[in-house]
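Engineer: All chains should be built: construct the whole structure from the sequences, respecting the hints.
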Amino acid sequence: MTVLDAPSAIRPGTLGDSVLRPDGTAKVQGSFEFCSDLNAEGCVWGATLRSPHPYARIRSIDVSAAWRVPGVLAVITADDVPGQANYGLIVPDQPVFAADVVRYVGEPIAAVAGDDPEVCRRALAAIEVDYDVLEPLIDAEAALDPNTPAIHPDGNVISSQPVIHGDRDATGDVVVEATYEVGMQDQAFLGLEAALAIPDPGGRGLEVYVATQWMHEDRRQMADCLGLDPESVRLVLGGVGGAFGAREDISLQIHTSLLALRLGRPVRMAYDRAESFLGHVHRHPATMWMRHHATADGQLVKVESRMVFDGGAYASTSEAVLLNAVTQAPGPYRCPNAVIEGHAVRTNHLPCGAMRGFGVVQVCFAHESQMDKLADACGVDPWELRLQNAMHTGDTTITGQVVHNVAPVEECLRATAALPLPDEPVGGHPRADGSADVMKTPGGAGRTTDASDVVRGIGWGVSMKNLMYSAGFDDYSTARCRLADGVVTLKFATVEVGQGFVTLAGQIARSVLGVDDVVLGRIDTQVGSAGSTSASRQTWMSGGAVAAACRAVRDRLFLHVAEQHDVDPGQLEIDGTDVRDEASGWRIPVVDASAGVDIDETVEYRHPATEPLDENGQGDCHVGFVFVAHRAVVDVDPELGLVKVVQIATAQDVGRALNPLSITGQIEGGVAQGLGLAVMEEIIQTDGIIRNGNFTDYLLPTFLDMPDVVATLIEQPDPLAPLGAKGVGEPPTISSTPAIVAAIRDALRQVDGVGRPLDRVPVRPADICLPARASASSTTG
Amino acid sequence: MNVTLTINGTAHTYDLEPRTLLVQLIREHAGLTGTNIGCDTSSCGACSVHLDGEAVKSCTLLAVQADGADVTTIEGMASADGTMHPVQQAFMDEHGLQCGFCTPGMVMAASSLLAENPSPTDEDVRIGLEGNLCRCTGYHNIVKAVLTASGADQ
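Line order of the protein sequences matches chains P and X.
The first sequence maps to residues 1 to 781 in this note's numbering.
The second sequence maps to residues 1 to 154 in this note's numbering.
These aren't lab readings, by the way, just hints derived from the structure by calculation.
All C-beta atoms, glycine included, are put in the ideal place defined by N, C-alpha and C.
One or more hints might be untrue.
Partial selection, computed: residues in chain P whose CB lies under 8 Å from chain X [as the list claims (entries may be wrong)]: (1) G24; (2) F34; (3) G241.
Structural biologist: Okay, structure coming up:
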């Protein structure tokens, strides 16, 4: 169960109220149209041929046999791409179809269209590709070596970014260091990739229904490759079954469009789960060495780090992921000196890009593990050490940026510590007969654990996360508000992936404009860009845009009313249905007040400009930051290496809680994904070949894995945020992972006084129960 | 081959290839797209429907195995007058969904669980629904919804 602060009295449906989802009825009744449900008159199916090799030269592609499969309507390859051959979010380095080289298992080579999926499958099987199989580059460290042959014309290094701050030669009385690793995590949204492309008559444009995160960026990349003007490519959001970063890159958008334009008829494509694992980017695996220097009593003096992120075969957003990682390497702590070196490289692994937490998840596991190590070396309690070093508003980050945001790190730590510990006994609930409830023990229904062997541990994790897009990116969102006949219509291209912006938009209109009757227009590209639903940015950005558009409409309505009725526009307000003058008590229904006028305002909201980092990694590169603390309680079976996460307590900086119920959902869902990375989830690749691309072998948290979550919201409205509110999506995932690992370490230390380093996530049973391998860890001072 | 079955109270006969899965019959032949496909390996439960009153994963059954059966999908859960099933209503009220892709399968599995055990504990719900995955909610609001619905049933 979750403890939330009691909300104060607020008008139902407005900001601060736990408003229910407007799409909830359709979603519980099965009538909500997910993208995979869409169809059109005369629609045929498309499918993609993918590389079985991580690295190979293509000698030839022979599609002639595919054409002979009955029911085949189109077969296309790189030769059929009329526009730009490559696409990409930051640099166009990824081929629409591989022409001469394949660089990862699953890289698209050709696409077919046919009457049904089975025809497509037979056609794909009939395409003959002659490969010269090459030795794959699978070691990210080797990719940095200038002597390693380049696997891509742009080279093996996607991005390198140092951050040098303060006195690079500073040293501390106490020094701790270790090397940490994070495995590749999958976003594992449940709603598989799907698209429906409907060509315009004459073939000069098309309408594409797709489940994505960023409509206008998809359109830009699609138009480039299709050789069309962006205006000729109209995107409509198909119902999205979760995203978590995996839909920020192009997957099947261009392929589906090419087939539809070729055939002059609607084409739909849909991935199955195995193809989905190959068809979208994943969380970057990372290797991070860190050395922390502190005074004898635990005050941070300097953080040094060298980190290598494995970007896989193509660049995607690696550069931005790395920027987040290097700039937030010390975490939410005052750190006067830093020497950080970060690299993102190409390998023949699956391409990596956005996933909830975006670079900060990786460094947070490292910096929080380091804070525990430091606490141990200084003889200070881990919570006290964090409190002692906690960042506050006005402090400077390691890029020299002053944190102007509300920065309640101390409050998060104190509030989390005040939350109750679980009353559940170690080793599981006792049954009536006194035996343990096996479902509550590590290993659960496997019934392998003896409750008397179970040891409980407690650990901490604290994090900071930048909000919005950084480093000089022109980041904005557009919203249109129209008032006609007393009804407010909002229009935006803000993608709803399940996070609840469709709920929030109505709340904003009811609060800012004051009219209760709010209708949402279709989410498509017939309005300006809203930017991406990522970086915890839409509450701030699209929330800011909707609020500004609503304010503009309200002001125009008040002027109109003032003219018509000889009242002071400065004294007017709207209470849900009526415009009223509070002083005189005069009122008029909004429907009458707006009769005969059509008030229509479109506003672009921009956050204050950021700047790129200089050659030393210095600069005001981020817009703002959000903070959170997590405390994990785990039960561990040290002999079998099994873990049951018992409870996560968390206090999260939200600025202002615009919809407490919705925030709770984000916190609990985010914790589940943090738990997944801590002890369950990893895409395994051997020699560049994925071993577990399905939900049987890729382990996702279930009902029984989910711990109790006790949460409290730290509400300190941020004066920089348009609604005082910060984004809430990413923080729950980021520091729940290191908190869980710290708790496992704590439990294991109780067993033999030494414990295990657990310097890699996910923590596997063997990491817990086998003798500790030689560790890179050391402590001096 | 012919498969005759009842879906949401209406009898249907389909001429199908023997390899057709029940979920394909429901989505592609009956046109009921509320039943979702999330994994193809019977791991996620998004395709859960009722077969003669009991929840099954419809990607795990051949359509021919449902010959003569009574199938209920999410579209058949509301009353004839449109009133939502208590489990549907509780998922709404308790914010037991975000993206909503797992929701139809969850509602079907949960209503089957409640038919068997009308007064489950929190633990009973977790064990009963363990075969259904949700990636958005962290499950707690789903458990709350099922417990709320069980109260409504009493």
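Engineer: A separate judgement is required for each hint: does it hold in the structure or not?
Structural biologist: Now for the hints, and whether the structure bears them out:
1. G24: 5 Å, holds
2. F34: Given a least distance of 6 Å, the restraint on F34/P holds.
3. G241: 3 Å, holds
Consistency with the previously given hints is maintained throughout, with no hint failing.
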